[in-house]
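**Q** Single-letter residue listing:
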Amino acid sequence: MSLPYKLAQTAYIKLVLHVLKYPSQAVNGVLLGKASARGSTDPVEIIDAVPLFHSQLALAPMLEIALAQVDKSATEQGLCIVGYYQANERNNDNEFGPVARKIAERIHSNCEGACALLIDNSKLNKLVSAKPPLVVQLVTRDSSRSWKIAAVESALTLQEPTATSLLADYAREGRHKRIVDFQSHLEDISSDWLNPDIMN
Amino acid sequence: MVSKTQTLKDLEDALENGASDTGTIQKFLRMVRELRVRRSELVSQHGAKLLNSRLLGEEERWLVHEQVCVAALDCQDLEVAVQCLKKLKAKFPTSIRVGRLRGMALEAQGKWEEALVHYEKLLAESPANANIMKRKVAVERARGNTHKAIEALNEYLDSFMSDVDAWAELGDLYVENLMYKQAAFCFEELITAAPHNYLNHLKYAEVLYTMGGAENVRNSRKYFSAAVDLTGGDSLRALYGLWTATSAIKALKGPKDPEDESPLGDLASKQIVALYKAGCPAKAKIVEACVEDR
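Chains as they are written, first to last, in the UniProt record's numbering: chain A, 1 to 200; chain B, 1 to 294.
Since the hints were made in silico from the structure, they are not lab data.
You may find that some hints are simply not true.
Here are the computed lysine-lysine pairs in the DSSO-like style, where the Cα-Cα straight-line distance is at most 30 Å [what the hints assert, rightly or not]: (1) A/Lys21 / B/Lys283; (2) A/Lys34 / B/Lys285; (3) A/Lys177 / B/Lys283; (4) A/Lys6 / A/Lys72; (5) B/Lys134 / A/Lys21; (6) B/Lys283 / A/Lys6; (7) A/Lys177 / B/Lys285; (8) A/Lys21 / B/Lys111; (9) B/Lys9 / A/Lys21; (10) A/Lys123 / B/Lys111; (11) A/Lys123 / A/Lys102; (12) A/Lys102 / B/Lys181; (13) B/Lys253 / A/Lys102; (14) B/Lys277 / A/Lys21; (15) B/Lys253 / A/Lys72; (16) B/Lys148 / A/Lys148; (17) A/Lys21 / B/Lys27; (18) B/Lys277 / A/Lys72; (19) A/Lys123 / B/Lys148; (20) A/Lys177 / B/Lys49; (21) B/Lys27 / A/Lys177; (22) A/Lys72 / B/Lys283; (23) B/Lys4 / A/Lys177; (24) A/Lys148 / A/Lys102; (25) A/Lys177 / B/Lys277; (26) B/Lys222 / B/Lys277; (27) B/Lys121 / B/Lys86; (28) B/Lys285 / A/Lys72; (29) A/Lys177 / B/Lys9; (30) A/Lys21 / B/Lys4; (31) A/Lys126 / B/Lys111; (32) B/Lys283 / A/Lys102; (33) A/Lys34 / B/Lys283; (34) B/Lys148 / B/Lys121.
In isolation and in its complexed conformation, chain B is listed as follows (with noise of 0.2 Å):
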């Protein structure tokens, strides 16, 4: 069976290598739609030719506008994101979700004062609307307002403590503030949330050993281990991680843990040459220079 990644791959291939027939556009935008990935430039070239074709049914065509107007404004192609949000507005006047599309219309302009003023109300009428919240947001993030933009997040997570992207969100925004121990937080609520999901293992494991310390970095070698034994030694990210973090711990100064000699490091490494021996043999020999050197 042809899984729907690469029917969505073949749909986009043809696309652009110059198909333009309405029912290969109507499958590729369903695709994208049901598998939720973002294909703006190829959406917004495409979907305007679909808008008024007799192929789509009464919902399909609502989803359609409202696929094609988030496109145009990925691509700031306002025209054909104003053309569809009028439609949408006279069909469905008292949406929320079209308030939404309006509010986007209005941060892809930059007028993102006008853009918060406009959830706010939306927010009056439905408080606690989960794409409303996210979108301020967004706002604050576009405008380089990463406070604020913080701020926004802690607020929609308190009303939906359950949403692990937004936390995943979180702690890349605490990152790039250098705020670590507060990243640090959210990725143990991701840890916990998804605890098999070796990338939040590994996420918590090098805001850890960033922060620096001894009991930091003692605890991150804890989190690349856990990160290397659910990919099975397959990630490559993961066995550096073991390794920089067995190396450090080597070289701390001050008492000494029993753990602290332990034999993950050199695995760690072994392996990584191994790696390195079967999949990319040209950089073996510095890579292995590189593992042995600490």
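Pulled out of the complex, with its shape left as it was, chain A reads as follows (with noise of 0.2 Å):
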């Protein structure tokens, strides 16, 4: 059985405002948060998200550079790596393709109820309507090892229900524009991944 995911404000609009900065590439990232006991069914907390990439996904140095300082980081917050999330480049594609089910499964190595989730490319144009809808998809592994949409869509909820029409608000005022993500880190040192200020 799949374990219930609480997505927190903050994780949501950095992870959806980095896939509006890149709108024709492909982006990932993790999340970060509070992993439950084991054996336990309280829901995992999805309190932040890093964002890391927005090309060549599939090469593997940076990546576990990002990884390690990320995990670093994370834990001195007392929080860790929970999940993973991508943005395919493609409208129309809405693939856990064989990139993103190797870097959740490295994730899921080092923490048992990770998810991972994938954005749902169909639904952005929708983004800045009245009622936006909720743009990410939930991914889980289940125990044939296979990464699979979650068929029920309650097994995902926002903490903050205001989440989605406080991201409509900063995307129609450009701040997408100010998301960083681990790329950008690496061509201008001075450029923070975990984003402190774009809430504020």
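Taking the hints as your guide, dock the two standalone chains into a single complex.
**A** Put into structure tokens, the structure is as follows:
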């Protein structure tokens, strides 16, 4: 049975802003939070998101560096890496592909309750509508070790129901221009991939 | 002297802050064409106003029509695109360049098959037309047919072997499809074509490292070092690569190579920490802990 997941506003907004910043590219990142104790069915709390890359997701070296640093930084905040997120390049591509599975599997090997979020590109154009939908889909690992989009929508809930409308406001004001991922940090060392001010 | 990129940025800012006089728009469009950059939103938003302006001479008028048409297609503004296309077709009825735009209009409507048929027709008239061949690649990419896109790009490179952008695109496509060996070949070509561009060395090294195996990892370090060398130790990405490859080589099982023991890893980690202390002190502690871990 799959665990329930609670997605905090900060995590949701950061990851979608990352997707909006690079509309024609595949992007990925990791989710930070608190895993539930072994054997418990308490929800996994996804508290924050760290944007990683916006091109060449299938190359290993910088991913290794990024994961090591994010992991250290999360530990300092009393959190751990509880998941992975990805947006595919093409609008109608809703597959959790081989690269995504590989990275998610790796995160899962360190955190048993780890999940993944796949951005539903087809919903992005409704992001700033009157009733913005949730644009991520929960992907979980089943007992046969395959990653599948969760059939039960209720398995993923927003911690703050206002998250979608706040995100719409941020998207309207163009806040996605300010989001920074690990890849841009490699090009400009002063850019902080923790994006501490993005919610202020 | 003000650089062209700065001029472009100033014009962009002016337009975003409400300027809408044809003079500014004309200058902006010229800059975009000259620098070969993509500013589709602004071009399609303002360019339409310029189409009938008296400011434009005969030659520039048609260049602007083409430019606005492409930008409008990018932004899914079919109405403006079709309007430009009609006028261009009336003016240049047999032009392949205009034919290409018509194909792009079909693409913008998701009519992939029709677009491909149209491009084949144009290629029958003008075989090995680089721009049309490239559109075929774009169509296959856009509809997610990566293997067909790879095929089309290879076909293109048979005729235009010296097109480095195409080699780079092919390499990226192979990486996306996890065909690392084929990707490595493309980046080898790129290194030969442009040996002083550190990005090619870096990409090649990252591909080799991802492939794994003792020989590839050892080789990757050589190319990471070249990238560090070419950037004078300023590229964080190259330094991280050099450090990771060196650590991975240390951890290799099996027969050792005399070159495995190398001071390069330590040099890289020292330089990495120095860059952080100067440019991003808040992260220095975490990074230091990470690069000392292994």
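**Q** All hints are to be evaluated individually against the structure, with a verdict given for each.
**A** Results of checking the hints against the structure:
no., hint, in the structure
1, A/Lys21 / B/Lys283, "holds (24 Å)"
2, A/Lys34 / B/Lys285, "holds (23 Å)"
3, A/Lys177 / B/Lys283, "holds (22 Å)"
4, A/Lys6 / A/Lys72, "holds (23 Å)"
5, B/Lys134 / A/Lys21, "holds (26 Å)"
6, B/Lys283 / A/Lys6, "holds (29 Å)"
7, A/Lys177 / B/Lys285, "holds (28 Å)"
8, A/Lys21 / B/Lys111, "holds (27 Å)"
9, B/Lys9 / A/Lys21, "holds (19 Å)"
10, A/Lys123 / B/Lys111, "holds (22 Å)"
11, A/Lys123 / A/Lys102, "holds (25 Å)"
12, A/Lys102 / B/Lys181, "holds (19 Å)"
13, B/Lys253 / A/Lys102, "holds (24 Å)"
14, B/Lys277 / A/Lys21, "holds (29 Å)"
15, B/Lys253 / A/Lys72, "holds (27 Å)"
16, B/Lys148 / A/Lys148, "holds (27 Å)"
17, A/Lys21 / B/Lys27, "holds (27 Å)"
18, B/Lys277 / A/Lys72, "holds (18 Å)"
19, A/Lys123 / B/Lys148, "holds (28 Å)"
20, A/Lys177 / B/Lys49, "holds (28 Å)"
21, B/Lys27 / A/Lys177, "holds (26 Å)"
22, A/Lys72 / B/Lys283, "holds (11 Å)"
23, B/Lys4 / A/Lys177, "holds (23 Å)"
24, A/Lys148 / A/Lys102, "holds (13 Å)"
25, A/Lys177 / B/Lys277, "holds (26 Å)"
26, B/Lys222 / B/Lys277, "holds (27 Å)"
27, B/Lys121 / B/Lys86, "holds (19 Å)"
28, B/Lys285 / A/Lys72, "holds (10 Å)"
29, A/Lys177 / B/Lys9, "holds (16 Å)"
30, A/Lys21 / B/Lys4, "holds (25 Å)"
31, A/Lys126 / B/Lys111, "holds (24 Å)"
32, B/Lys283 / A/Lys102, "holds (28 Å)"
33, A/Lys34 / B/Lys283, "holds (23 Å)"
34, B/Lys148 / B/Lys121, "holds (19 Å)"
Going down the numbered hints, you'll see the structure goes against none, and every one checks out.
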